[in-house]
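Visitor: For reference, the chains in residue letters:
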Amino acid sequence: MAKPKISSDWLCGCAGCHMSLLDIDERIALIAELADLRSTPITDLKEPDEEGVDVGILEGGINNSANEEVARKMRERAKILVALGDCAVFGGVPAMRNFCGIEEALKRAYVETESTDESGAVPDDPELAKMTRARALQEVVPVDVHVPGCPPSADTIFHVLSELAQGRRPELKDELLHWH
Amino acid sequence: MVTLTIDGKTVEVPEGTTVLNAARAAGIEIPTLCDHPELTPYGGCRLCLVEIEGARTLMTSCTVPVGSNMKVQTKSPKVLAARKFVLSLIFSERNHFCPYCQVSGGDCDLQNSAYELDMTHWPLIPNYSPYPVDASHKYIVLDNNRCILCRRCVRACGELVGNHTLGFEERGAKSTLIADLGVPLGESTCVSCGTCVQVCPTGALIDRWSAYRGHRVDLDITQSICGGCSVGCSVEVLTRDNNLVRVEGDWEGPVNGGVLCERGRYSAVSEQRERITTPLVRKNGALEPATWEEALAAAAGRLQNREVAALASTRLSAEALYIFKKLFADGLKSGLVTTFEEGYTTAAASELAAARGAGFEGKLEDLKSADTVVIFGDDLTVEHRVAGFFVKRILPNGVRLLLVDTGANGLDGLSDLSLKYEPGKEVDVLRGIASAIIGKEESLASLAASTGIDAQSFQQAAELLKAAEKPVLVFGARFVAQQPQALPTLMDLADLTGAKVLGTKGGANSVTAAQYQLDSPFALNGHQVIYAALGDEDPSEDWVSRLSNVPGLVLQASYVSPLMDKADVVLPVANFQEQDGHFVNLEGRLQTARHALQPAADVRTNVEALTGLAAVLGVTVDDGWQEALAERLSSVAIAA
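Protein chains in written order, with the working numbering: chain A, 1 to 180; chain B, 1 to 640.
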């Protein structure tokens, strides 16, 4: 049997979940034995294979039109879509801005910061992705496996990867389940 | 008794028991959020839903009383699905994003409930409406965004503290926790007892001091008591790496049942005074650091062959007070060995106990069943505040409150009748009330003239007491310390009305000091040196002035104070959280304080300091503190 193919990507997050993934340390060799690691932010391949992958993992919520595109592509190409971390599962820290709105958040970030002089302006290049409310992954695409945590612990991630690599749906309980 | 089946298990419980408590009695756990053992059932969070055979819908087990032959399912698929749905609704209603919440990771009942149901997410889009945050209070931050509308805080504020500061405005999703009629919490009628923070299941009410300093699982928890006053509340002292994080009321506490007052909860954490960390000896006019050996030798040198007067704090443990008495009264034969309270808070009761040949005071518990409470000369909103909570919390049950005081009293607004009298006329006040009760109206006019209370008010007080079936008379020191006959006359009134009687006393160990006869007035008469075992007490301005002209002073203290200006020797001692010891509260309950913190290397406990001094002075001390408590008849029944 061919090894299951796993792809990952990051959206509106902080890369912390992928850092936590690297915290599984030498166990990543076990995963590599069991699965075929395809496109990830830390491998050369940048997009999931057109012919599809078995597992697609997304870190981060959906914050703009570019995130949305990446998420939809991953959803289309992955049999199982995993939301990795609180931003992907709930919206996470970026969702704090939803309480004040995009305009306020952009103004605070680009105009009102203490280090910004009077020339500060919200970027408006037409090439830029269009900002949206920070959303959990499940608001945009159907999600099969939710892995909360900010970030999920290395043990949680290893459990999820090893279960998926062996063709099982991971169940999170007790120590492996945490939302912070 | 009612018999019912819960999850197939037959359970027998008294009629009126809720299904939730019946399940608990049977060892079946039903998750809850708004439920709290010390509060009345509310049925607001809906997490405790159970399936009851024949019922149209799922029922909240916390509010449904058991019925005969009821068949209850607590873990059916329908119930489990409902619980997840209820939690999903709560999570999505406001800002319940865990990563940036103070209580996340152990101290959040909401998060823990989700974990118990193995919830990895909630399937609803959150409502991103912001709600008000109120950070105006000196100890508490109120964040409505984290609120789940369980109203535990509202019930605690009303039912346990009797303060009714917290409430809700608006309805449904707009419901907002407010203080009074919508004023900032810091400017409200809040009495800063912190009970609301202790009962909050989420991060909606957080403690400023201890926020982000660790969860209960990270902290060391020491069961102890509060040394703030004679009520003797049980506390849990939460520490981390020998740092005080916060103090909480112990729900199992026999006296307080979980509540604390501002002093009990916050005085230790907000302590601003500077510690004395090394012994000091005055040399060439200035206090210089010294070793304990040098300091004890210097203290002994000041005390030997002199007329010594000795003063101790009533915050000292029974052990320390006993050694203090052995050392100064028995060892150095000083004729003036007393406390900073000088017996003011206990002497009248001790004398009356001796005269009657028996104790005569009741228990704080009596307040729970009282139908009428009379408070003579004590403002329970200032001192002995938890006793004040006990009074305030029973008032909504129709309990009548009569205040007798010389000036404004914090409970005036809650009283049915508040009598104000001329100080020094306590006996006449009591006679006036008694005369009105027995219908001796001819004497009322003169008693009215003497006390400043008009005859009609005496009549009203009499009516209240005549109608009472379970009256309790609470007296403060200032009511019975002025006139020797005040307390005997108060007891006459108690006998006349069938009332229970309770004195509020003073400090944490006032009763112990009374038992050791450390209760005489501090009348200096040619004394050459004063030994002041101040402990961690803050000396009053009055004491600073009274001790400003003494010829010599040896000070045993935890904190820098103006008394040091006069001291020849200063022995640094542990504070209340740093030493073990026993305390007798106002109703005679013998309780144990346990150390939660280690003092600095050169700081000793009060017992060690006094024992060390006794050794240098060649005085033998023993550990007979407990037997000595019984050497004198007490006005209260002293027992563990």
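Don't read these hints as lab results, they were simulated from the structure. Every residue gets a Cβ at the ideal spot worked out from N, C-alpha and C, and that includes glycine. Just to be clear, a hint being listed does not mean it is correct.
[To be verified] Cβ-Cβ distance ranges computed for the label pairs, FRET-style:
no., chain 1, residue 1, chain 2, residue 2, range
1, B, Ala55, A, Lys3, 49 to 55 Å
2, A, Asp36, B, Gly54, 55 to 61 Å
3, B, Asp580, A, Asp174, 18 to 24 Å
Visitor: Each hint needs a verdict: does it hold in this structure or not?
Guide: Cross-check of the supplied hints:
| no. | hint | result |
| --- | --- | --- |
| 1 | B:Ala55 - A:Lys3: 49 to 55 Å | holds, 53 Å |
| 2 | A:Asp36 - B:Gly54: 55 to 61 Å | holds, 57 Å |
| 3 | B:Asp580 - A:Asp174: 18 to 24 Å | violated, 38 Å |
Going through the hint list in order, the structure does not satisfy hint 3, though it satisfies all others.
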